[in-house]
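Using the hints provided, position chain B relative to the given structure of chain A.
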Amino acid sequence: MSEDSHSPLAHDADAFQIAPPAPSSSEALDPAWVPAELVTYRVLLVLLVLAGAALMAWALGFDLIGIAAALGSAALMYWLLMSLVRALVQRQFEATSWRVDDAHLRICKGVWWRRELHVPRSRIQHTDVTQGPLQRSYGVATLVVHTAGTAYSTVSLDGLTHARAQQLRDKLVLENGDDGV
Amino acid sequence: MESEPEEVHRLHPLSLLFRVGSSARQLLLPAALVLFASGRLDNLYWVSAFVGVGVIHGVFHYLTYRYRFAGDELVVRGGVIFRFERHVPYARIQNIDLRQSVFHRLFRVADVRVETGSGAAAEARLQVLSLDAVDRMRERIFGERDAERSTPHEGHAAQNAGELGNTAPAHAHDAATPEHARPVASPAARSLLRLGPRELIAFGLLSQRGFVIVAAATGLALEFDLFNEQLLGLGKSLESSALDRGLGWALGVALVLGVLLAVRLLSVVWAFVNLHGFELVARGNDLQTSAGLLTRHTATIPRRRIQVVTVSAGLLQRWAGFVAVKVDTAGGSELEAQSSTRRWVAPLLRASQLPALLAELLPEFQAEALQWHDRHARAARRLFKRWVLLALFATAGSHAVFGTWGLLALPLVLVWGRVDAPVRARRAQWARGGGFFSVRHGVWGHRWRLVAEDKLQVVSVAASPFDRRWNMAGILTDTAGTTFSVQLGYLDADVARQLADALSRRASLSEFAW
Numbered sequence: 001m002s003e004d005s006h007s008p009l010a011h012d013a014d015a016f017q018i019a020p021p022a023p024s025s026s027e028a029l030d031p032a033w034v035p036a037e038l039v040t041y042r043v044l045l046v047l048l049v050l051a052g053a054a055l056m057a058w059a060l061g062f063d064l065i066g067i068a069a070a071l072g073s074a075a076l077m078y079w080l081l082m083s084l085v086r087a088l089v090q091r092q093f094e095a096t097s098w099r100v101d102d103a104h105l106r107i108c109k110g111v112w113w114r115r116e117l118h119v120p121r122s123r124i125q126h127t128d129v130t131q132g133p134l135q136r137s138y139g140v141a142t143l144v145v146h147t148a149g150t151a152y153s154t155v156s157l158d159g160l161t162h163a164r165a166q167q168l169r170d171k172l173v174l175e176n177g178d179d180g181v
Numbered sequence: 001m002e003s004e005p006e007e008v009h010r011l012h013p014l015s016l017l018f019r020v021g022s023s024a025r026q027l028l029l030p031a032a033l034v035l036f037a038s039g040r041l042d043n044l045y046w047v048s049a050f051v052g053v054g055v056i057h058g059v060f061h062y063l064t065y066r067y068r069f070a071g072d073e074l075v076v077r078g079g080v081i082f083r084f085e086r087h088v089p090y091a092r093i094q095n096i097d098l099r100q101s102v103f104h105r106l107f108r109v110a111d112v113r114v115e116t117g118s119g120a121a122a123e124a125r126l127q128v129l130s131l132d133a134v135d136r137m138r139e140r141i142f143g144e145r146d147a148e149r150s151t152p153h154e155g156h157a158a159q160n161a162g163e164l165g166n167t168a169p170a171h172a173h174d175a176a177t178p179e180h181a182r183p184v185a186s187p188a189a190r191s192l193l194r195l196g197p198r199e200l201i202a203f204g205l206l207s208q209r210g211f212v213i214v215a216a217a218t219g220l221a222l223e224f225d226l227f228n229e230q231l232l233g234l235g236k237s238l239e240s241s242a243l244d245r246g247l248g249w250a251l252g253v254a255l256v257l258g259v260l261l262a263v264r265l266l267s268v269v270w271a272f273v274n275l276h277g278f279e280l281v282a283r284g285n286d287l288q289t290s291a292g293l294l295t296r297h298t299a300t301i302p303r304r305r306i307q308v309v310t311v312s313a314g315l316l317q318r319w320a321g322f323v324a325v326k327v328d329t330a331g332g333s334e335l336e337a338q339s340s341t342r343r344w345v346a347p348l349l350r351a352s353q354l355p356a357l358l359a360e361l362l363p364e365f366q367a368e369a370l371q372w373h374d375r376h377a378r379a380a381r382r383l384f385k386r387w388v389l390l391a392l393f394a395t396a397g398s399h400a401v402f403g404t405w406g407l408l409a410l411p412l413v414l415v416w417g418r419v420d421a422p423v424r425a426r427r428a429q430w431a432r433g434g435g436f437f438s439v440r441h442g443v444w445g446h447r448w449r450l451v452a453e454d455k456l457q458v459v460s461v462a463a464s465p466f467d468r469r470w471n472m473a474g475i476l477t478d479t480a481g482t483t484f485s486v487q488l489g490y491l492d493a494d495v496a497r498q499l500a501d502a503l504s505r506r507a508s509l510s511e512f513a514w
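Quick note, the sequences are listed as chains A and B, same order. Residue 1 is where the first sequence starts when you use my numbering, and the numbers rise one by one after that. Residue 1 is where the second sequence starts when you use my numbering, and the numbers rise one by one after that.
If we strip away everything but chain A, and leave its shape as in the complex, we get (with noise of 0.2 Å):
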């Protein structure tokens, strides 16, 4: 009971702060990650609006009213929806951090459902950085860590630039020394 008595407007807003506040040791991932995660979003928005578009065209018929209504909701669809989807990313991004010691490597990420790995340095089998043609252009990568683990065989990093990765890695793996598997 005494729980309730707090106010419950300042358990609410504790509760649904989107970045919480990340120890001072952590790093956030590269700020160009952003755009590189919007290109995706960008293209297939682009090609959803469209989509929608033609189909209201053939609708209201293909003549000049109908063409420019249908462009201009597409317009208008596709603003609305990048606006939401760059807040999204934007939270993402804020929500993400991640941490190396001596022990082990640290990353919390998610929005809504906040989720945090703790990864012990002696379990990492092996890293990779991947880099696809996208991140490439905009200077980042991923790194993936391989376990022995069966629900986590795999915990991966999206959005740190290509050195700090490639730097990561090398970090993780040689410092490892032999784990004696």
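Quick caveat, the hints were computed from the structure, so don't treat them as lab data. Being a predicted model, the structure only gives us computed values, none of them experimental. No residue lacks a Cβ here, since even glycine has one placed at the ideal position from N, Cα and C.
Derived Cβ-Cβ restraints for the label pairs, each shown as a range:
(1) 156/A to 392/B: 38 to 48 Å
(2) 218/B to 40/A: 42 to 52 Å
(3) 156/A to 276/B: 45 to 55 Å
(4) 113/A to 260/B: 41 to 51 Å
Just chain B now, with coordinates in the frame of chain A:
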């Protein structure tokens, strides 16, 4: 000569027969379908051509397949067109799995799978070897491996041996064990647990396995409209004969009792088929289980590769004072891991004998070292909210079916949930201590999971928006074991975070060895 490392072995000559047998069995159904569908006997040529290909393949497989024990690895070689050579270091071998159908047992051979921790398929499948060859292989592989690692817990384990053994005393083992289950002589084999017919009956009576079969039978009956024709007809004839309702009720009760009885009987039958002659044997650093009435299955579990130990007891088992113990090891295909007979080290064990068995499985484990902690104080309320949701859905459903009377479901489910939620919240606890992390929960049936902190791979803390409203979180620990993760929800978020950090730090201190 026998110590020469490069000695090359072949499969048992009967390999040919079993190889052809298994490929014929795979062909049998399609062949029968082809013959029936076409109704023409000349299709028989095609079928026999396929069988012929199978035979030729079997011959070549037998002729080319070789294995040898080189230094510290098992080398398997074979293939006709595409040759392969596989080196399996002894230190990586998790399990030597034996499968023996009735025919295998008749000829004293076994289908052998050598497994490492790689997950997917067995590293080497030797179909088939004579039992003597299997013994030599075991001796070789586990002997070399154990020589590398000392056995510090041998004395401790031996001291517990006498206390276990459900029915048969440990030394009766040599005389009573049939030939096919004979363990290797080299490190002294001690029988830890044996299930006789009485235990199998008890197991069947206490387990719910028959439900699966009854459910399948019911589904089949529904499929063929048996219920509509038989049961409804029966109901109508009762109605028309104007018998009183009492008889109808009696029939209903009899039907329910009959189903319950059938479930028990089928469970007993299941137990006899799958667990007949169940035996758990400790040999040096390994545990070995064998069971099965027709197809006998022998699995070796290296003690230090046990990832998670699960102790569970259903309501009936709990009342009767029994528990069941399963272990998860790394390696082996997921499909095989799902077959529960393989993971059982004790399908039925007196609760009083549990400490002795745990001492065998996890020699370092001390139950007293565990310090149990409760969940978040609001866990009961959150659990009750789930019941409220369930009650609303259930009431909507029952209202649609039963009309006004269906609304009764609302108070019934709510009262039930009000009773259940606090117990469920209180029963769920986590503990650390002595290098082990543990979680237990359950209202009716109880479940207790134990994992050595050295075996942890990844520790995860997850919080849903509902969790975060009350500053709660769930913890999940991942191991190399194939099925279970040790997890618990509704913890205090700060506690969960600290726990995850501590577990992960503890795991990072030790080198992981499969």
